[in-house]
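Chain by chain, the residues run as shown.
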Amino acid sequence: MMEVTQSGSAQHAAVLREFGCEHSLLSRPDGSASFVQGDTTVLAGVYGPAEVMVSKESFDRATLEVTLKPKVGMPGVAERSKEQCIRQTCEAALLTRLHPRTSITLSLQTVHDDGALLACCLNAACMALMDAGLPMHCLFCGVCCAIDQQGTIKLDPTAKEEKESRAVMTFALDSTDCRVMMSSTKGSYTAAELQQCIAVCQRASESIFQFYRDSVSRRYCKA
Amino acid sequence: MLCCVKEKIGEAVLPGDLLAFEIQKSENKTEKLICGPGLRRDGEDVFVCKSGILRHKEPNLYWIDLQQRRYVPAKGESVIGIVTAKSGDVFKVDVGGSEQASLSYLAFEGATKRNRPNVQVGDLVYAQFIIANKDMEPELVCIDSCGRANGMGVFGAGGLLFKVSLGLVRKLLSPQSEIVKDLEKIFPFEMVIGLNGRIWVKAKTTQQTLIVANILESCENMTTEQRRSIFGRVSENVL
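So the protein sequences, as listed, match chains A and B. If you count by full-length UniProt numbering, then the first sequence holds residues 1 to 223, one letter each, in order. If you count by full-length UniProt numbering, then the second sequence holds residues 1 to 239, one letter each, in order.
Here chain B stands alone, though its shape is the one from the complex (with noise of 0.2 Å):
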């Protein structure tokens, strides 16, 4: 079905959908579109692949915002991962993706050959994608371009993770989020995001530890009012 992307923005499309973009085609001038998750070009055309909701950022970015479970790996994306193996200079790492990623031992702030990481079978690393495409197996660093950790690496004593929705995530690593700000000011608490859909989070004592999980995995469904007064109950019962 061909229909105008201005009017779509905001409503929901399905795959097979062409938007037909209006271009001025005035002196040589070529308009750049991005186009994000949920659009292919085929061609000449734009057509929407995965159903959700046309999102639109100024000047010229398109996406389709979706709810999915699964991830898939890609570049740049920052996620949490299970170490499952140690093979040679490499650790296997699981990402919830269709592959395991691998994680050299090199990629750690202050690692030589000599001094390796403590990293075990087992534990929980916060690491970021430099290699995800389709066609070769995904690969993690714990380091940024300049050689330091921040933030990355190996974490997780205590603690519980789980594992909620993609859409979720990305709220909650929004800059305003409401929902992070809001669990702020019940009690005080680490968490730590992973764009692979799962969370850790712990607190002071093992009951709010629970509390907290309890409530972001179920804030997924509700409106901003039932979370609002979801939190007013629990931080009542709390203090």
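Extracted from the complex, chain A is given alone in its bound form (with noise of 0.2 Å):
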């Protein structure tokens, strides 16, 4: 079941991409999903709460573990470290101490990258935990911004504006009140930059979160 919408914000002219997802597409997994963000493609998956091996599980809570596979070649650096910022967040946002002992994996494979993908991968791992059905205190989200020489500000740049960005940012923002969970960003700024785009990062993710409600109640009222 695959659904497109699109959303604009006024100010420095910044539109999301065409967004998409597609809900529990995999057999295997307990939850999968897949979200598409103009180009960007990335497929999760969700195992759990499972068996845990003993060195490695956590008495009071779940033991997450989160990994990301690049389109081509072995996982390097980089994407160890957008597994960690995808680990804490879904470790903030989901309710771990009611399955202490067990495991949960989350699998990610990138389809095909045109910028923002850290942003894409934490929309589709939050789509396939909802469909795995664990339980979560929020849902949250990725937006990714990018400002370029002129000073304007791109909201979710493809992969050549991120090369010709002087900054680039990826905000996870949770359901409740819109706050930054997660931050991650490269290259040089001003703080007062770095406030407008968390701000037209909060406004675009208004879209995003009221497009997980329309997904979700079009899923469960057709069934």
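To be clear, the hints were calculated from the coordinates, so they are not data collected in a lab. Here a beta-carbon is modelled for each residue, glycine too, at the ideal position from N, C-alpha and C. Be aware that a few hints might be false.
What the hints assert, rightly or not - What follows is a list of derived Cβ distance ranges for each label pair:
no., chain 1, residue 1, chain 2, residue 2, range
1, A, Leu194, B, Thr223, 49 to 59 Å
2, A, Arg218, B, Ala74, 24 to 34 Å
3, B, Asn115, A, Val54, 29 to 39 Å
4, B, Arg170, A, Val54, 31 to 41 Å
5, A, Ala78, B, Cys4, 43 to 53 Å
6, A, Phe59, B, Lys204, 44 to 54 Å
7, A, Phe59, B, Gly10, 36 to 46 Å
8, B, Leu161, A, Asp60, 30 to 40 Å
9, B, Ser145, A, His112, 56 to 66 Å
10, A, Val180, B, Gly43, 16 to 26 Å
11, B, Ile131, A, Val54, 17 to 27 Å
Said to hold, decoys possible - Cross-link-like lysine-lysine pairs, in silico, DSS-like; alpha carbons within 27 Å at most:
no., chain 1, residue 1, chain 2, residue 2
12, A, Lys69, A, Lys160
13, B, Lys163, B, Lys181
14, B, Lys92, A, Lys56
15, B, Lys181, B, Lys204
16, A, Lys56, B, Lys134
17, B, Lys92, B, Lys75
Claimed, not checked - Non-contacting residues of chain A with respect to chain B, defined by C-beta distances greater than 10 Å in every case (computed):
no., residue
18, Val15
19, Ser58
20, Gly73
21, Glu193
22, Leu194
Now that you have both chains on their own, put them together as the hints suggest.
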């Protein structure tokens, strides 16, 4: 079941690319989802709460493992750093204390990377965790923005725009108050520009959360 | 997002939604509210922790109806388990959860220390959870509180075991299940349904067993009309 929607914001000509998602497309994992933003596509699969190795188990909470595989080649340091960002965001959103001594495994596969990869991974991860029925106390979404050489803020940049910009930022925002849960930034920018970017991303996240709501109600009301 | 609960009954809700109940504070009456699966209490608030449809049963029971595939053991539920090991006085049983459950050999009808039950590794057992919470290893028994088997125990000579989603299993086990009624009309067969998503079926011939298994696996995503048309075609081909 695919859905596509678009949204816009007046300031700085900041418009999110067309995004869409698909639920439960894989048969083996407990939950799976694919998220598409423009041309960037990420596939996520969740297994859990499942058996955990004694060396990794935690007595009071579930152990979350995230694996991100790039489209070509072996996973490198960049993938490891993205995995840590995603893992920390998911741990903050999941109610891990409800399943102690278990493991939750989240596997992400980059199908195509055309910019805003970390944001797309976060969105796919959130949809897959919801699809698996894991208890969460809030939802989260990822929004990416770039500041180009002239100082204009461009929302949801493509890979070409990311290369030409002087700073690229990705934020994970929560659904209850749209506050920043995780930020990953690269490049040079002033403190004022950071605050502006956060404000632009918060406005854009509202459309992503509305999309989550519409896609869940379409999925359940169809069944 | 704060929303009034009456509007949301029957609609999809997302994790993080706060539900507001209209409580009339009058004359020291405290209203009792039962939060089922998918709802959690945080101080004075009730919030949703899983995405699904909000359901309500009079007078005060609310829960979230969701489609899940991974089973989490809960006390009192009857499940189909596969015996994986015999260690001392206890059988280790795989129920599809995060941990293996333990089943004592005394928890069978008529079992004593001298008279051990005839259970081998690989057998299917239909048992009930007596202990199932997040902090302890789950425990199963094959007797009810009076000491009778009541349908539980080892079963499964012949037949086929397969896995479906938890939502389908709950639909099949509901009192007036249409799927079961339609299936009964096609041909006679035996079925054991475990709340952990496992179903065992056995019909007179292997082909009929496979037909029933395939129908049940595909029932999940069909509407009533599609299901009736498939059942009609199958009964025409069989007869």
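Going through the hints against the structure:
no., hint, in the structure
1, A:Leu194 to B:Thr223: 49 to 59 Å, "51 Å, holds"
2, A:Arg218 to B:Ala74: 24 to 34 Å, "29 Å, holds"
3, B:Asn115 to A:Val54: 29 to 39 Å, "36 Å, holds"
4, B:Arg170 to A:Val54: 31 to 41 Å, "33 Å, holds"
5, A:Ala78 to B:Cys4: 43 to 53 Å, "46 Å, holds"
6, A:Phe59 to B:Lys204: 44 to 54 Å, "51 Å, holds"
7, A:Phe59 to B:Gly10: 36 to 46 Å, "40 Å, holds"
8, B:Leu161 to A:Asp60: 30 to 40 Å, "35 Å, holds"
9, B:Ser145 to A:His112: 56 to 66 Å, "58 Å, holds"
10, A:Val180 to B:Gly43: 16 to 26 Å, "25 Å, holds"
11, B:Ile131 to A:Val54: 17 to 27 Å, "21 Å, holds"
12, A:Lys69 to A:Lys160, "22 Å, holds"
13, B:Lys163 to B:Lys181, "21 Å, holds"
14, B:Lys92 to A:Lys56, "22 Å, holds"
15, B:Lys181 to B:Lys204, "19 Å, holds"
16, A:Lys56 to B:Lys134, "17 Å, holds"
17, B:Lys92 to B:Lys75, "17 Å, holds"
18, Val15, "25 Å, holds"
19, Ser58, "12 Å, holds"
20, Gly73, "32 Å, holds"
21, Glu193, "30 Å, holds"
22, Leu194, "26 Å, holds"
In summary, the structure agrees with every hint in the numbered list given earlier.
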